[in-house]
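J.: So the chains spell out like this:
Protein chains: 4
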Amino acid sequence: MQDFDVKELDRLLQQAFDAATALYQQRGFQRRVGFGKRPALVSVDLANAWTRPGNPFTCDQEKMDNEIIPAMQKLLAAFRANGLPVIHVTTAYEITDRKAPFTDMGLWHDKIPVDVVDLKDKDLCAIDSRIAPVEGEYTLLKKRASAFHGTELAGILRAANVDTILVTGVTACACVRQTICDGIADGFRTIAVKEAIGDRVPGAVAWNLFDIDAKFGDVVGVDDCVTYLNSLKA
Amino acid sequence: MQDFDVKELDRLLQQAFDAATALYQQRGFQRRVGFGKRPALVSVDLANAWTRPGNPFTCDQEKMDNEIIPAMQKLLAAFRANGLPVIHVTTAYEITDRKAPFTDMGLWHDKIPVDVVDLKDKDLCAIDSRIAPVEGEYTLLKKRASAFHGTELAGILRAANVDTILVTGVTACACVRQTICDGIADGFRTIAVKEAIGDRVPGAVAWNLFDIDAKFGDVVGVDDCVTYLNSLKA
Amino acid sequence: MQDFDVKELDRLLQQAFDAATALYQQRGFQRRVGFGKRPALVSVDLANAWTRPGNPFTCDQEKMDNEIIPAMQKLLAAFRANGLPVIHVTTAYEITDRKAPFTDMGLWHDKIPVDVVDLKDKDLCAIDSRIAPVEGEYTLLKKRASAFHGTELAGILRAANVDTILVTGVTACACVRQTICDGIADGFRTIAVKEAIGDRVPGAVAWNLFDIDAKFGDVVGVDDCVTYLNSLKA
Amino acid sequence: MQDFDVKELDRLLQQAFDAATALYQQRGFQRRVGFGKRPALVSVDLANAWTRPGNPFTCDQEKMDNEIIPAMQKLLAAFRANGLPVIHVTTAYEITDRKAPFTDMGLWHDKIPVDVVDLKDKDLCAIDSRIAPVEGEYTLLKKRASAFHGTELAGILRAANVDTILVTGVTACACVRQTICDGIADGFRTIAVKEAIGDRVPGAVAWNLFDIDAKFGDVVGVDDCVTYLNSLKA
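Just so you know, the sequences run in chain order S, G, A and R. Residue numbers for the first sequence follow the working numbering, so the first one is 6 and each next one is one higher. Residue numbers for the second sequence follow the working numbering, so the first one is 6 and each next one is one higher. Residue numbers for the third sequence follow the working numbering, so the first one is 6 and each next one is one higher. Residue numbers for the fourth sequence follow the working numbering, so the first one is 6 and each next one is one higher.
Don't read these hints as lab results, they were simulated from the structure. Among the clues, some could well be false.
Pairs count within a copy or across copies, as identical chains cannot be separated in the list.
Restricting the straight-line Cα-Cα distance to at most 27 Å, the calculated cross-link-like pairs of lysine-lysine (DSS-like) are [stated by the list, open to error]:
1) K238 with K104
2) K42 with K104
3) K199 with K238
4) K79 with K68
5) K104 with K125
6) K238 with K42
7) K68 with K199
8) K12 with K68
9) K42 with K79
Could you build all of it, start to finish, from the sequences and the hints given here?
T.: Listed below in structure tokens is the structure:
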């Protein structure tokens with residue numbers, strides 16, 4: 006696919022980000038929302054349809070295997086060691102006939118191939134076994150991009166006194182970004198874990214993380230996140 | 006600000022979009038949601054704090070004066086001629102003291118300078134006089150990026166049998182994008198009106214419209230929108 | 006349980022409703038929202054935990070077997086004959102340990118015994134076999150009282166051009182009432198189907214339907230609903 | 006209006022509540038959600054259209070003047086002395102022409118006379134001067150029954166680390182009840198302040214507080230609330 010010069014794109018994007026940063030800094034954007042006192046992990050769509058090859062939703066495999074999954078494993082270890090809430094999010098549908106008079110896909114199948122993630126194919130929708138949920142962790146089934154929109158997530162987090170969410174997963178330009186934007190709108194300090202967020206097309210991770218960091222959540226490296234999590238130990 | 010080569014950025018971005026489009030087309034993304042039967046106009050943050058010079062939120066003035074406002078005037082004429090719902094959206098806050106123990110800014114002032122749009126400064130929050138609301142049009146006051154999140158908008162539109170929204174305004178990377186993503190999630194056919202959407206930093210309009218068109222709404226030119234609106238005449 | 010005079014309660018309640026109706030009529034309440042053009046059936050919690058004996062959630066069995074289920078069967082026949090959307094709603098939880106640091110019960114187990122409807126007990130949460138879903142009907146899993154709150158329902162209905170919901174099920178004082186109140190708030194014409202709504206304590210059906218009819222939705226008999234549904238035939 | 010025997014109604018209602026309580030207790034309902042660590046006051050529709058005579062929305066005046074307003078004054082004193090968040094809620098509309106093709110009343114004017122609370126009549130929608138907001142308190146404008154539905158409230162409260170809401174105001178059978186039911190669904194410990202909740206028809210306060218206490222929030226006397234608030238002092 007990438008028969009153009011990705012490195013050259015990255016170089017030009019960085020110049021654009023630098024110019025934007027100059028304006029944003031002068032105007033008072035790009036502030037730090039920071040970590041709060043009680044974080045939860047919200048891991049978006051790291052299910053087989055997205056993490057494994059051969060599906061329309063398959064993401065950049067090199068990044069998935071070499072960066073995202075390892076970063077998730079680090080995060081999960083820290084969340085589990087500290088007894089903090091973990092939410093695994095997946096997406097699937099009951100009625101995937103695009104001609105049905107009525108479907109839980111709503112209108113989204115009119116934009117993207119959500120008709121392939123049928124709830125009846127349990128394997129496609131299951132969280133990747135390399136980061137599988139353990140007892141006490143929650144698997145949230147969503148229907149739209151955001152893990153918050155039309156789901157029980159905000160209420161569950163508030164009930165558990167969570168004030169901060171660390172967001173990971175795919176894709177940067179859709180479900181991850183929407184989850185982050187809704188997260189801060191719903192009153193949670195929102196952190197995008199840099200190494201643990203992917204996509205499937207060139208540039209999308211870069212420009213979406215740039216927009217997010219400017220306005221909706223802090224982009225933070227996984228090691229800094231782990232240090233923070235471990236600092237919460239009693 | 007733009008002391009780098011904007012045209013070169015555009016050229017590289019276009020190459021990235023072409024590569025992504027090849028993948029998206031092969032995978033079944035970038036479908037057309039299309040126009041429905043009863044549209045509303047949702048015009049986001051075309052209030053003085055965003056449309057006029059001298060404010061942290063001020064957007065690209067050349068584009069505002071020469072493209073966005075004229076496109077909005079065309080759209081308003083068509084919506085009004087056909088008696089269709091028009092919603093003007095603005096953003097402002099009651100409690101703008103950043104040290105207050107509690108504020109309607111929520112946590113957003115921890116990322117961006119929302120503390121400057123104080124509800125008491127009626128002029129800043131007022132819709133730009135060049136596109137001012139007329140009798141029967143609605144002015145929605147929102148607190149977050151999306152015109153839907155935490156507002157009455159979805160309920161009002163459904164009650165009026167609206168099935169399609171044409172979205173305009175600023176900024177592409179925040180309030181416009183969030184409104185579009187929530188719009189389709191809430192069950193509305195969502196159209197981004199190409200000439201009527203702006204931002205304040207280089208590249209942001211291009212990459213956000215690309216992401217939107219791939220997954221959340223159709224990017225359509227203003228003249229095609231006007232043709233559609235006029236086709237609804239009895 | 007009912008070792009007091011239920012008939013005397015009903016007689017006094019009717020007098021209270023008559024007095025309230027005099028005031029409401031004079032003030033302009035108790036208006037008719039009426040049927041729209043495209044209805045959906047939203048049937049709330051008619052799953053075994055509520056419809057069958059022996060569970061904390063079990064409802065009035067005589068009413069269930071002799072009125073609610075037969076009324077539902079009439080409604081389902083009419084919805085199916087006319088190809089209209091049917092949503093069956095049920096409630097269950099993944100994490101039902103009341104001492105868990107974090108659970109999808111949120112705080113609700115601090116008021117009612119939701120910890121008994123564990124998702125792992127598929128039979129408890131399954132829709133009653135007498136009114137079981139057929140191909141093309143949707144089963145919605147909710148976590149709170151309302152079928153709308155924190156669910157995909159409003160978006161799905163809007164995407165399908167639904168403008169009216171007929172609401173049935175249990176209980177009148179909780180999940181049915183909340184679904185109706187949210188339904189009209191979300192912009193749907195809301196009809197409470199009189200014979201198809203139950204509860205488990207004396208008086209609760211009467212006073213909740215009275216409040217609903219005064220302010221949130223029309224209470225309509227099942228036969229009038231069926232007549233309406235059949236009138237929609239092409 | 007009350008030309009029937011209110012005392013006799015109360016006596017019979019109490020018998021019904023006793024019978025229901027026997028069942029609820031046996032089944033595990035009527036649990037106590039309790040107070041949390043950081044409360045906010047959510048005072049619903051204590052604006053002139055509801056608190057003063059002569060409007061369709063006017064409530065029971067004797068109870069308003071002799072119980073609700075004095076209880077609110079006690080609560081406000083305690084919230085203010087302890088620097089805790091106070092939200093005053095009111096309801097009003099921009100477009101009150103019932104024949105308009107589109108209105109922020111949604112469909113609610115098809116049930117109740119919301120067309121009388123026009124935003125242009127500032128006095129009707131203003132909070133009662135006996136309990137007027139002071140600097141730092143928030144006035145929330147809502148469009149539906151619930152103070153949460155389609156508003157910024159949940160996000161604002163979460164951002165301020167609020168975990169508990171004390172709810173007051175009118176009416177028991179509509180806006181107060183909906184606010185309480187949404188409150189616990191959104192993850193807040195929800196307390197109905199007994200003396201500070203009213204209505205306009207006989208019985209409605211009694212049966213709605215009964216339902217609320219059984220399933221959605223604790224009904225607690227104002228003096229116990231004040232004791233709790235004062236216990237939070239550093």
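J.: Pop the pair K42 and K104 into one bin, within, between, both or neither, using alpha-carbon distances up to 27 Å.
T.: Answer is between: at 18 Å across copies they meet the 27 Å cutoff, but 48 Å inside does not.
J.: When Cα atoms must be at most 27 Å apart, do K79 and K68 count as within-copy, between-copy, both, or neither?
T.: within (16 Å within a copy, 46 Å between copies)
J.: Given identical chains, is K199 near K238, meaning Cα to Cα at most 27 Å, within a copy, between copies, both, or neither?
T.: within (23 Å within a copy, 41 Å between copies)
J.: Under a CA distance limit of 27 Å, which applies to K104 and K125: within one copy, between copies, both, or neither?
T.: within (18 Å within a copy, 32 Å between copies)
J.: When no copy is named, should K238 and K104 be tagged within, between, both, or neither for a Cα gap of at most 27 Å?
T.: between (53 Å within a copy, 20 Å between copies)
J.: Is it within, between, both or neither when you check K68 against K199 at 27 Å Cα-Cα?
T.: Only inside one copy: K68 and K199 sit 12 Å apart there, 33 Å across copies, limit 27 Å.
J.: At most 27 Å between alpha carbons: which applies to K12 and K68, within, between, both or neither?
T.: For K12 and K68, only the intra-copy Cα distance (16 Å) is at most 27 Å; the inter-copy one is 30 Å.
J.: Is it within, between, both, or neither for K42 and K79, if the alpha carbons may be no more than 27 Å apart?
T.: Answer is within: at 20 Å inside a copy they meet the 27 Å cutoff, but 33 Å across does not.
J.: Could you place K238 and K42 in one of the four classes (within, between, both, neither) given a Cα distance threshold of 27 Å?
T.: This pair counts as both: shortest intra-copy Cα distance 11 Å, inter-copy 21 Å.
Checked against the numbered hints listed earlier, the structure breaks none of them; every hint is satisfied.
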